[in-house]
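Visitor: Listed here are the chains, written in short residue letters.
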Amino acid sequence: MEIDRADGRNPNQLRPLSCSRGVLNRAHGSASWAQGNTQVLAAVYGPKAGTKKNENPEKASVEVIWKPKTGQIGKQEKEYEMVLKRTLQSICILTIHPNTTTSVIVQVVHDDGALLPCAINASCAALVDAGIPLKHLAVAICCCLADSGLVMLDPTKLEEEKMKAFVYLVLPNSILSVLPEESSSVKGEQMEQGLITSVTHGVMSVDDYLHCLERGRAATSKMSDFLRRNLQPQLSSDSSKAG
Amino acid sequence: MAGGASATAPSTYSPSPNQKKKPPLFKDGDLDWVRPDGREFHQCRPAFFRTGAVNAAAGSAYAEFGNTKVIVSVFGPRESKKAMMYSDMGRLNCNVSYTTFATAVRGQVLDQKESSSMLHKALEGAIRLETFPKTTVDVFALVLESGGSDLPVVISCASLALADAGIMLYDLVTAVSVSCLGPNLVIDPISEEESYQDGSLMITCMPSRYEVTQLTITGEWSSARINEAMQLCLDACSKLGKVMRSCLKEAASASEES
Amino acid sequence: MEYVSPEGLRIDGRRPMEMRKLQAEIGVVAKADGSAVFEMGNTKVIAAVYGPREVQNRSQQLNDQALVRCEYSMANFSTGDRMRKPKGDRRSTEISLVIRQTMEACILTQLMPRSQIDIYVQVLQADGGTRSACINAATLALADAGIPMRDFVTSCSAGYLNSTPLLDLNYVEDSAGGPDVTIGILPKLDKVTLLQVPSDRIICQAFFMS
Amino acid sequence: MGTPNAVGDWSSEMEVSAFRRLFPLRYYERHLSESIRPDARPLKRARDTIVSLGAVASSDGSALAKIGSTTMLAAIKMEVMTPSVDSPDEGSVAVEFHMPPICSPVVRPGRPAEVAPVTSKQLFDCLLSSGMIDLKELSLIKGKAAWMAYLDIYCLDADGALFDAALLSAVAAFSHLRIPVVSLNDEGRMVMVSKELEGEKLDKEPVDKERRKLSLKSIPFSLTCILHKNYILADPTFEEESIMETFITVVLNSSGQLVSLYKSGGPVLAHTSAIQECVALTRQRMKELEEIIDEAISTMEID
Amino acid sequence: MNGLSLGEKLFVQGGIAQDLRSDGRKRLTYRPIYVETGVIPQANGSARVRMGGTDVIASVKAEIGRPSPLQPNKGKVSIYVDCSPTAAPVFEGRGAEELSTELSVALQRCLLGGKSGAGAGIDLSSLIVVEGKVCWDLYIDGLVVSSDGNLLDALGAAIKAALSNTGIPRVHVAAEASGEDQPELDISDEEFLQFDTSEVPVIVTLTKVGRHYIVDATLDEESEMSSALSVSINRKGLICGLTKRGGAGLDPSVVLDMISVAKHVSEQLTDRLDSEISAAEAVEEE
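Top to bottom, those sequences are chains A, B, C, D and E.
Note that UniProt numbering gives residue 106 to position 106 of the first sequence, counting from 1, and the numbers run on in steps of one.
Note that UniProt numbering gives residue 91 to position 91 of the second sequence, counting from 1, and the numbers run on in steps of one.
Note that UniProt numbering gives residue 152 to position 152 of the third sequence, counting from 1, and the numbers run on in steps of one.
Note that UniProt numbering gives residue 237 to position 237 of the fourth sequence, counting from 1, and the numbers run on in steps of one.
Note that UniProt numbering gives residue 232 to position 232 of the fifth sequence, counting from 1, and the numbers run on in steps of one.
Mixed in with the good hints, there may be bad ones.
What the hints assert, rightly or not - Among chain C residues calculated to face chain E with C-beta under 10 Å, some are: (1) Pro-16; (2) Arg-20; (3) Lys-21; (4) Gln-23; (5) Ala-24; (6) Ala-30; (7) Ala-32; (8) Ala-126; (9) Asp-151.
Just so you know, the hints here were simulated from the structure itself, not pulled from any lab data.
Cβ atoms here follow ideal geometry from the backbone N, Cα and C, with glycine treated the same way.
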């Protein structure tokens, strides 16, 4: 069952993660997130007064602008924009600041596979940095399915191209959720088991998909820990400054 | 990634229908000439209308004249788009667009701006704009297939859609065009005839009021010929008006029953 | 290419320090509050001024001075090659801005708060020095409209070709690639309000002697 | 049956239509608790679906698909291109999804709908990755000429579940597609072999003998469901989509494989049980849709 | 557009009803027409026409092009009109687009004839150099510098004057190239071909105010119109194109009556324009 990955990782191993917040001076919140060579910079501006037309004035709206590394924005980037926007909308508490817009600008620094999950993680960290009220954090991961049915996590660009299918998953990280206790479990299923976003490419069997989902869940808990650890020291230093 | 392939579309062409030159549609002095679809010179194509084609719209209509197929949706009266100044008259906003497969060659550019402004000019005289102050009525047309006389069909269909939306009208607007091919005047021309025409005349009118809301002429015409062509169009318009009226009545009685 | 003959004559027969023939007429647009045609040789521009009038877009209103706006456009037939450019390309936007800033500096805007002055400049023929011609035409049109100004702005371009400083370049000289400069001055106050030097051209100091 | 709550106090005096507009969510939830939807459907039933082939005479393959009042018109035009160096024996497919202003009050001319390019891309991905089309069948002369199938889908009436209707119309259009007969002329371009000339002797052999069909395998079918609390609503209308904001779209192909499972955000989290249920619903729906398409093809062939 | 007070409106309407318009003209009298030719030296032909406060410039540029495969024995002509913001502040930015397209379309309809080219004021077959391969493309550009009503008639007149001022270089075809190659061309700098503009129609716009129609309406008068008919008529008295403006409906008999009035007016206008053009040409040559 062993498949050698070019960088010597085992199938379940993620690339080294790194995250730094507050990297941009002018933005209200910003974060740079890297998974191996894939790196994305996210900036958050807002909440600003007013919403775009046709939006619900009783809710805050989230706007996402995707900046590719080079060139013009195409259909692929439009899709990323929409997935990112819907995902962020579902983790923000939109009723707190009605009739405002929060802009999230995502700049791709380098794409080496699992770009969308990386962008989602970066945006999530940037939203925390900007102090936007969130229901919970979200963690995104890419699972790759080889022809043999083997699931590999966090693929590089080369691996993404070789695989028959891959799945982007976004899962909540609810331990710090502000929601009341009883709503965090539905029919006995833990909240962090629930899926926020799923985007797939390529054909696979349903069982393979569920397998991916399972692996993804396991891996996100590790990533959640990383994200939380990364957010905590700054939070405490912020509060000490404020005090 | 899979999406990459579509990003840079290679240049393509539509295989042309053989290099041999097509004979001209109409030769001078050819007295036994028959129209490509076998109609008589003064015979219109059978007209088919149906209201309520689009549920999402306040009113809509579908029209089919031979190969010409159009859908028109009417939205509103609703809030004017831009922050426009107060007006005690309502506004009419028209837009005509074509599908990419409407013409024989994909995505052939047709002047949609001109059609839109012609549609506007043909309709505005028939709408009681004072009944919806401060608001806008949007009339959007989509030509599904272009088979000649597109604009007249769009205009007639649009007035039916307005009626379906319950917008107050003085009268329905019907439109008919004639093409001048050599010595002959042919009514309701198909695309092939239009591309060879020496001149054309289009009338949009309100049949019950017997008023012309819009008239365009191209090509060289004598007054007598204009007179003849106008009469031809006006007759056809009043017949078209009856067809449209009966379509509206049918729809109304059908909705009463249900 | 030789731009100055050994006899000291330029392509169009002028001396290096000679201007082209100037011609101007005011009151050419009936409906405008002020208007002028200005010709420098073959370069011909029309300027029309509307205002001072009520500010059209309330959000732009200034409470301590007048709002000055400018739009520069070129007729399709103004250049040698027929062109069909959409309005508001980069060059037009830049020139609009230059004219606006230059004229704003000489209009006594603080006398007309909460009002708007529109300057429209239309190039009919372009043969070098359109910027200068536009500014000159705009000055005349503003004067025709009776808008209070500190002074007239007059503008002219100059260039440096074949080791000779040349005044008032035409199109051929302008596109020769030598350094050039556009200057706008307030003659009575003896002040410079505009000085533009395209950055891609090297300039020697001697040049400023002109 | 009004339960006593803040709204219930008024609802007795309010007309149903007013209640529906003012408290849409409560209106729906009351229906859902009775396992029925306002349009009288059970929760997991899709709307009536109609497919008719050959709606556009000027195209090489076309179809009209209606799910409830959501209407899609798809047409394919075949053009010739030079195949890419990487795949000299393959043709290509381009998909464009249009939302003209006639289809919905939300779309205005000059400002294309935001979802249109995204849906175009998703349709393209689904059609190609499902393995329905063998691109080699679109080849004409290896390395020199191949077909480019331009698929344009127009939404004529938008009432929810746009992706499902668009995919259905696209699939139907491909099943109606007949590849034109062409031959190579002296200048190296392909020209149509017209019907009148068929009897005569041709200077060049046509590439195909007759108008060819594509052999379609593993056809993709999709179903969009709304997740709301513990309810699953199949095939939502526009009204349902605007009130309950969590959708999950499952695409399966006729060999039973998962082509896409798409969920982007939304306030409700999808648990494994819900995902499995959606997949099962799509399986059922696929059977219905296969029958509808087969029927459309057979009626066309009788005509 | 033009904000008139109630009194002013009545004054305009009353004057028209009594056949004495606010500037002293009768209903069917034109304002004085001034024609100036050769105003744009860079163009092949150009003219400026002024009628009262209306001031327009038309230029003709000729470029070598390829004839369309549908009509291999004809050159191509395109007409495009632009409205300068100098004429009115509303033309700023994209504000003139609507009017520009409307005028361009109306002029194309009036001057270019039917699809087959029949009835065109400009003889397109005179623009052909080598059949199927080389032809002249004429670009006619109109520019509205100042506007006081009746733009279409003024532009039509300016284009007619510009065309009669146009010289197209004589082209010598070096050698008859065979097959697909483009033949080599030698374009003369000295020899020019003059256009025959006697067939170019004039445009007469009749504006209906109340029950009467007037020619050459000013901006104030246009604001009171219910509808207007622009008819292009050539010297033979044939109608070469017609455009209706304004939404209000007209009785078909009124339309026919307006056409016959326009025809009558056009005879005088054609003569007057021709003499103005030849006078202007004479001035230019001096």
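Visitor: Work down the list of hints and note, for each, if the structure agrees.
Guide: Now for the hints, and whether the structure bears them out:
1. Pro-16: Pro-16(C) check fails; min Cβ-Cβ to chain E is 24 Å, beyond 10 Å.
2. Arg-20: 14 Å, violated
3. Lys-21: Hint on Lys-21(C): violated, closest Cβ of chain E at ~13 Å, above 10 Å.
4. Gln-23: Status violated, d = 13 Å.
5. Ala-24: For Ala-24(C), the interface hint is violated, since the closest Cβ of chain E sits about 15 Å away, which is over 10 Å.
6. Ala-30: Constraint on Ala-30(C) satisfied, holds at 3 Å.
7. Ala-32: Status holds, d = 7 Å.
8. Ala-126: 9 Å, holds
9. Asp-151: Violated: closest Cβ of chain E sits about 24 Å from Asp-151(C), beyond 10 Å.
Of the numbered hints stated above, those contradicted by the structure are hints 1, 2, 3, 4, 5, 9, listed in ascending order.
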